[in-house]
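Student: Required output: the full structure, derived from the provided sequences and hints.
If you want this note's numbering, it's the position in the sequence shown, counting the first as 1, plus 4.
Source of the hints: derived by calculation from the structure; they are not laboratory data. Values in this document were obtained by computation on a predicted structure and should not be read as measured data. Glycine residues also receive a C-beta, built at the ideal position from the N, C-alpha and C atoms. Mixed in with the good hints, there may be bad ones.
Listed below are the simulated DSS-like cross-link pairs for lysine-lysine, each with C-alpha atoms no more than 30 angstroms apart in a straight line [stated by the list, open to error]:
hint, residue 1, residue 2
1, Lys16, Lys93
2, Lys93, Lys114
3, Lys64, Lys114
4, Lys93, Lys64
Per label pair, the in silico range of CB-to-CB distance [as the list claims (entries may be wrong)]:
hint, residue 1, residue 2, range
5, Phe94, Leu216, 35 to 45 angstroms
6, Gly110, Arg211, 22 to 32 angstroms
7, Ser141, Leu90, 34 to 44 angstroms
8, Gln52, Ala175, 41 to 51 angstroms
9, Ser91, Ala169, 31 to 41 angstroms
10, Arg211, Lys93, 14 to 24 angstroms
11, Leu136, Leu90, 29 to 39 angstroms
12, Leu174, Ile51, 32 to 42 angstroms
13, Asp111, Glu201, 30 to 40 angstroms
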Amino acid sequence: MSVRVAEANGVKVYTIAGGKTLPTWAGDQKKRGLRKNEEYTRRVELIQDFGFPEACQRLKASPDGQYIFGSGYHPPRVRVFDTEQLSLKFERHLTSEVVDFQVLSGDYSKAVFLCADRSLDIHARWGAYYRLRVPRSGRTLAYHSPSAELLAAGSAPEVWRLDLAAGRFLAPLASRSPGINAVVASPLHGLVAAAGEDGVVECFDPRARRSLGALR
Numbered sequence: 005m006s007v008r009v010a011e012a013n014g015v016k017v018y019t020i021a022g023g024k025t026l027p028t029w030a031g032d033q034k035k036r037g038l039r040k041n042e043e044y045t046r047r048v049e050l051i052q053d054f055g056f057p058e059a060c061q062r063l064k065a066s067p068d069g070q071y072i073f074g075s076g077y078h079p080p081r082v083r084v085f086d087t088e089q090l091s092l093k094f095e096r097h098l099t100s101e102v103v104d105f106q107v108l109s110g111d112y113s114k115a116v117f118l119c120a121d122r123s124l125d126i127h128a129r130w131g132a133y134y135r136l137r138v139p140r141s142g143r144t145l146a147y148h149s150p151s152a153e154l155l156a157a158g159s160a161p162e163v164w165r166l167d168l169a170a171g172r173f174l175a176p177l178a179s180r181s182p183g184i185n186a187v188v189a190s191p192l193h194g195l196v197a198a199a200g201e202d203g204v205v206e207c208f209d210p211r212a213r214r215s216l217g218a219l220r
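Tutor: Right under this line is the structure:
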């Protein structure tokens with residue numbers, strides 16, 4: 005498809021129309037030759053069936069950028085789309101609504117889903133692999149890749165740590181907030197930040213297993 009942009013009184017109008025598509029067997033030389041072709045560079049490619057029957061709650065891309073994960077409900081389900089094939093890769097149904105999820109591998113082969121019933125559903129390439137529960141109702145999920153730890157938090161003053169290599173929970177990170185709404189692990193220095201429901205952002209060093217400081 006091709007897209008044309010028109011502007012009137014500061015308002016842009018985008019018109020999408022059918023156009024020529026590049027054959028899948030076209031080589032790199034053919035693609036490089038089209039870099040100066042305006043119709044080709046302004047083309048729009050749509051993923052087929054890119055949606056959910058009722059609603060989509062969250063969308064995340066895999067680290068390699070090829071796959072898009074989405075979670076929806078009625079019934080609870082997960083869909084993975086392939087951006088290279090522009091199609092639905094697969095769909096899986098879950099027993100409870102997905103609150104948050106993380107992609108653990110570079111592609112679609114490993115992912116974990118935090119569900120409303122306090123369960124952690126770990127999935128592999130072929131399907132559901134293992135299921136366990138967190139101590140309290142969860143709200144957020146993060147992955148600390150240097151230590152292969154899954155971090156979960158919610159309606160409790162702590163961050164739960166699951167060692168994916170050993171398959172067991174470790175001592176949690178104690179927080180000064182009564183509950184935690186969001187947690188994230190930095191890919192640069194490995195520190196973990198938690199946003200509390202009381203408006204406090206607290207940072208942790210998983211190696212020292214203690215709080216480094218807080219900011220309100």
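Student: Which numbered hints does this structure break?
Tutor: 1, 10
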